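Each protein sequence line maps, in turn, to chains D and Y. 93 is the number of the first residue of the first sequence in our numbering; add one for each residue after it. 10 is the number of the first residue of the second sequence in our numbering; add one for each residue after it.
No wet-lab data here; the hints were simulated from the structure. Heads up, some of the hints might be wrong.
[Stated by the list, open to error] With a straight-line cut-off of 27 angstroms between C-alpha atoms, the simulated DSSO-like cross-links for lysine-lysine are:
1) D:K95 <-> Y:K77
2) Y:K45 <-> D:K95
3) Y:K76 <-> D:K149
4) Y:K65 <-> Y:K76
5) D:K149 <-> D:K162
6) D:K162 <-> D:K147
7) D:K110 <-> D:K162
8) Y:K45 <-> Y:K77
9) Y:K65 <-> Y:K116
If you're wondering where the values come from, they're calculated on a predicted model, not measured in any experiment.
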Amino acid sequence: DVKVTQSSRYLVKRTGEKVFLECVQDMDHENMFWYRQDPGLGLRLIYFSYDVKMKEKGDIPEGYSVSREKKERFSLILESASTNQTSMYLCASSSPVGVNIQYFGAGTRLSVL
Amino acid sequence: GEDVEQSLFLSVREGDSSVINCTYTDSSSTYLYWYKQEPGAGLQLLTYIFSNMDMKQDQRLTVLLNKKDKHLSLRIADTQTGDSAIYFCAADYGGSQGNLIFGKGTKLSVKP
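Work out the full structure: start from the sequences and follow the hints.
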């Protein structure tokens, strides 16, 4: 069964902290994505990666960075967390072969105080 | 650029049919998708339709695609309280990096 696992369901951090959100997929997918979801704004793409060590900015990359050292793992980093980064973060993966279905993790709800 | 639009809310009574609508801007989309998000969870693929099809049916779900009007709909027959969720429409424009364009989501509330 297809699985995308996000390391935490809930996270509470303080302003200025460095925050790591981890995502692991077991489907050998080349493509991985980080989104944030806010009420009324839907999903907004932060960063994506189409191969190991490759990354591309999405629509809202400011304040975030990513790391993809291994094919199965894609990390989102908040260098210095701010209150406006309080949100639901969703990771997804997909294969470039066949129908382009993105498989999502359960999400991490991050609160920055 | 490409855009996908859908209304934000829909309320129906249990047992009725629900119809969630979506419009997209770019006719070059290859596949169109419907995802479901239950409270506190990630998105789960419900169904998808290839752009050369008009209709796809899967049990209680019917997807209709009108390419001329760039309009996609999802009909849920005999809606149940368990169908209460946010439904996202998404379009694939065929880029090799797998990006999808998502709508903002329609929150479906099913009243008993």
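Results of checking the hints against the structure:
{"no.": "1", "hint": "D:K95 <-> Y:K77", "result": "violated (37 angstroms)"}
{"no.": "2", "hint": "Y:K45 <-> D:K95", "result": "holds (17 angstroms)"}
{"no.": "3", "hint": "Y:K76 <-> D:K149", "result": "violated (30 angstroms)"}
{"no.": "4", "hint": "Y:K65 <-> Y:K76", "result": "holds (14 angstroms)"}
{"no.": "5", "hint": "D:K149 <-> D:K162", "result": "holds (19 angstroms)"}
{"no.": "6", "hint": "D:K162 <-> D:K147", "result": "holds (13 angstroms)"}
{"no.": "7", "hint": "D:K110 <-> D:K162", "result": "holds (21 angstroms)"}
{"no.": "8", "hint": "Y:K45 <-> Y:K77", "result": "holds (26 angstroms)"}
{"no.": "9", "hint": "Y:K65 <-> Y:K116", "result": "holds (22 angstroms)"}
Hints 1, 3 from the earlier list are contradicted by this structure; the remaining hints agree with it.
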